[in-house]
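One line per chain: the protein sequences are A and B, in this order.
Counting from 1, one number per residue, gives the positions in the first sequence under my numbering.
Counting from 1, one number per residue, gives the positions in the second sequence under my numbering.
Please note that a few of the clues may not be correct.
[As the list claims (entries may be wrong)] Taking lysine-lysine pairs in the PhoX-like style, the calculated list, with each CA pair at most 25 Å apart, reads: (1) K162/B to K2/A; (2) K46/A to K375/A; (3) K46/B to K2/B; (4) K51/A to K46/B; (5) K47/B to K2/A; (6) K46/B to K47/A; (7) K30/A to K360/A; (8) K73/B to K162/A; (9) K46/B to K46/A; (10) K47/A to K192/B; (11) K46/B to K314/B; (12) K30/A to K47/A; (13) K192/A to K2/B; (14) K189/B to K2/A; (15) K2/B to K164/A; (16) K162/A to K81/A; (17) K2/A to K192/B; (18) K47/A to K47/B; (19) K377/B to K314/B; (20) K46/A to K2/A; (21) K192/B to K51/A.
Derived from the structure by calculation, the hints contain no laboratory data.
2 protein chains.
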Amino acid sequence: MKSSNRGVELSESPIRSLIPYARAAVAAGKEILHLNIGQPDIRTPKKALQKVLSIPDDVIAYGSSEGMESLRKRVAQYYEKFDIEISYENILVTTGASEAIQFSLFSCFDPGDEIIIPEPFYANYLGYTQMSGIHIVPVSTSFEQEFELPSTEAFYDAISPKTKAIFLCNPSNPTGKLYSKASLERLAKLVKDQNLFLIVDEVYREFCYDESFYSVLNIESIRDNVIVIDSISKVFSSCGARIGYVVTRNDDIIQAMVRYAQLRLCPPHFGQVLAEACYDECDEYLPEVKQEYSERRLYLYERLSQMEGVRTYKPTAAFYNVVVLPVDDAERFCKWMLTDFVYDGHTVMMAPCDGFYIDKSLGKKQVRIAYVLSKDKLAKAMDCLEAGLQAYNTSEHLVEVDAI
Amino acid sequence: MKSSNRGVELSESPIRSLIPYARAAVAAGKEILHLNIGQPDIRTPKKALQKVLSIPDDVIAYGSSEGMESLRKRVAQYYEKFDIEISYENILVTTGASEAIQFSLFSCFDPGDEIIIPEPFYANYLGYTQMSGIHIVPVSTSFEQEFELPSTEAFYDAISPKTKAIFLCNPSNPTGKLYSKASLERLAKLVKDQNLFLIVDEVYREFCYDESFYSVLNIESIRDNVIVIDSISKVFSSCGARIGYVVTRNDDIIQAMVRYAQLRLCPPHFGQVLAEACYDECDEYLPEVKQEYSERRLYLYERLSQMEGVRTYKPTAAFYNVVVLPVDDAERFCKWMLTDFVYDGHTVMMAPCDGFYIDKSLGKKQVRIAYVLSKDKLAKAMDCLEAGLQAYNTSEHLVEVDAI
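Build the full structure now, drawing on both the sequences and the hints.
Below is the structure:
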């Protein structure tokens, strides 16, 4: 009894192949400094957590498929901060941004349709497009241009009669790039002109360090084309609560999404209570969190800039950056760090970037680093990475590689 | 900007079309007695809820995609109660049974494959088969035979080269039927012989009133074919927690499911904590709950048996039964109860059964009644239904209908 072909072919996370090595490293007594996943180490807002813990309900019942009305209204109010005027009826609560992506793809696309995504992109987008039977047409962005949004011409070139949407992550995972108002407005013209959906994952919106965030929900001319993905996971360090949102003013899309939402009955109750309480903590909680990430970002930039042969840039948003390493193959190096290297009792785990590209070769020497560790741990991680790079490039490993 | 065809065509819940009428009824001041949905009114185990409320975590982080190991081990231990020996590695925690169904279908079927399901069946199965691009081949069960499992011949007749699985709900939603060990073992022979998956939704396993429950996980000959769907929603009145399970000893299927599980990152954290704590309350909590449902079941049976023209049977499990009403059209009657009828300030909402059939005509005079109300409310609901039936059949409405 074999599984389906699609079940076998579903893409796995870029770090999936490293996990057995990470387990072995832990078993061998190494401490791993995890720079490989977007799991913030910052505390979930304490007062919000206490709200969950005082739930008076005695039946944890099905809620509305659309999400708790009070939460949807609270989110609509929160968006005012970004000058977005939106009714709560245009906001659906989802089980994480993951489900918001799934609803968006199933509601906008039929099997065989195409979606344009700048690469590198968050690897799970690939899994969800596979699950919904649609094809990604990548448009490349480059390290050299600090992952700036591709030109309008590049997007035009990618369009076919099957194209239904352009999908962005802004600020970007994995690059830490914030797209400017001007470049989004340029893209909006194309979207309007070609009658496409513009789906934007804005889950890192709160972490913009140099310029302010501009949401595509603000672009009046494409009101009907825009779908925004959001989540409390990163903003409020609440990944395990599984609460996200999908936001659109397009009635047809809302109606289709509600059908998918009804199919899975409702989003998680406790997480919704947490989410609603989180928004009350914005003013107190978020400035501190943003400051912390920004300091880590600058520290990382400084350390990476000083490493021989390492090429980096100062990311402007989110808590990631993409780094070009002076190695033959970043995935092999990441594996080697787990299997063959230890520095003062620990090693570093990073995400090789090939998994973030359709054209894997583009990411061959790149890793994504998530700065989700405290500064003292980041310092250790950078010491370890620096020593690892030196050791790797002078180790017998290279001889072996050359011999292949 | 229109939604996808599949987004428009996705089946809706059988009660969906009644919801606007229910809202209008409430707005008009009527109290609705809800017999239409499987939302238990029983309290969530109190001690288990208190455990959630004392979560010490300060970062609500991503958990394992497979679910918390401690919870998976606890569920494996719970299954011993049903003489099921299973490793926790064969149990994945899902976001409700809904997600367990989704994972099962995507992992076993490719688009265009067929699945055999006895009808009437839980309406959301239809949505999930549509979402995964597979076709339901229904095998009918009948009120006259108290919805007994179809004969082996009927299943054989439904098999085509595209058939990948048989899907059951045992005990059954909507019929309240418990399938016997003997009939499941007969089916197992066919499953083995034809090399099919046997997917069984066992979420109502704890509510069997006359005979004891027998799980397909006990049938040794089809170890590799069986996939079981489970959930805490009904057993522990925790629908809003969104915690389910998928259980299989088939390694290929587990691997495919883990890929889908990784794609959505992890199941909800708080719900998992609640679930684990619920299993500690089994002995104290479940006997009382089962007793309560059984008493309601017998009361309903008695009342329905006494109503003129109503045909019913004594359901043996779950908290549903299917009732044949002396009306022209059950959906029209259910709507009429909301729009045109009031009895002592209230009315009754039921689920018309046509939505539980592929061949809608089979359910035309049937409704599903969920006994998820306290006995005093059930008494009111039965008084109201009885009066409603009399009024409906003597009202001008019928004249109108005949005139069409």
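The hints, checked one at a time:
1. With a C-alpha separation of about 14 Å, the suggested pair K162/B and K2/A falls inside the 25 Å cut-off, and the hint holds.
2. Restraint check for K46/A and K375/A: the C-alpha separation of about 22 Å stays at or below 25 Å, so the hint holds.
3. Note on K46/B and K2/B: the hinted pairing is violated, with a Cα-Cα distance of about 47 Å set against a maximum of 25 Å.
4. A hinted pair counts as satisfied when its Cα atoms are at most 25 Å apart, and K51/A with K46/B qualifies at roughly 18 Å.
5. At roughly 42 Å between alpha-carbon atoms, K47/B and K2/A are farther apart than 25 Å, so this suggested pair is violated.
6. Restraint check for K46/B and K47/A: the C-alpha separation of about 23 Å stays at or below 25 Å, so the hint holds.
7. At roughly 30 Å between alpha-carbon atoms, K30/A and K360/A are farther apart than 25 Å, so this suggested pair is violated.
8. Distance restraint check for K73/B and K162/A: the Cα-Cα separation of roughly 47 Å exceeds the 25 Å cut-off, and the hinted pair is therefore not satisfied.
9. The suggested pairing of K46/B with K46/A holds, with an alpha-carbon distance near 24 Å, which does not exceed 25 Å.
10. Between K47/A and K192/B, the direct Cα distance comes to roughly 55 Å. Violation of the 25 Å bound is thereby established for this hinted pair.
11. Under the criterion of a C-alpha separation no larger than 25 Å, the hint pairing K46/B with K314/B is inconsistent with the structure, at around 31 Å.
12. Simply put, K30/A and K47/A have alpha-carbon atoms about 36 Å apart, too far for the 25 Å limit, and the pair is violated.
13. About 14 Å separates the Cα atoms of K192/A and K2/B, which keeps this hinted pair within 25 Å; it holds.
14. Straight-line distance between C-alpha atoms of K189/B and K2/A comes to about 19 Å, which keeps the hinted pair within the 25 Å bound.
15. Of the supplied pair hints, the one linking K2/B and K164/A holds, its CA atoms being roughly 10 Å apart against a limit of 25 Å.
16. At most 25 Å may separate the alpha-carbon atoms for a hinted pair to count; K162/A and K81/A exceed this at roughly 37 Å.
17. Using a Cα cut-off of 25 Å, the hinted pair K2/A and K192/B holds, with the two alpha carbons roughly 14 Å apart.
18. Between K47/A and K47/B the alpha-carbon distance is near 23 Å, which keeps this suggested pair within the 25 Å criterion.
19. Proximity of K377/B to K314/B is assessed by CA-CA distance (about 20 Å); at most 25 Å being required, the pair is judged to hold.
20. Pair hint K46/A plus K2/A does not hold up; C-alpha atoms about 47 Å apart against a cutoff of 25 Å.
21. The suggested pairing of K192/B with K51/A is violated, with an alpha-carbon distance near 52 Å, which exceeds 25 Å.
Hints 3, 5, 7, 8, 10, 11, 12, 16, 20, 21 from the earlier list are contradicted by this structure; the remaining hints agree with it.
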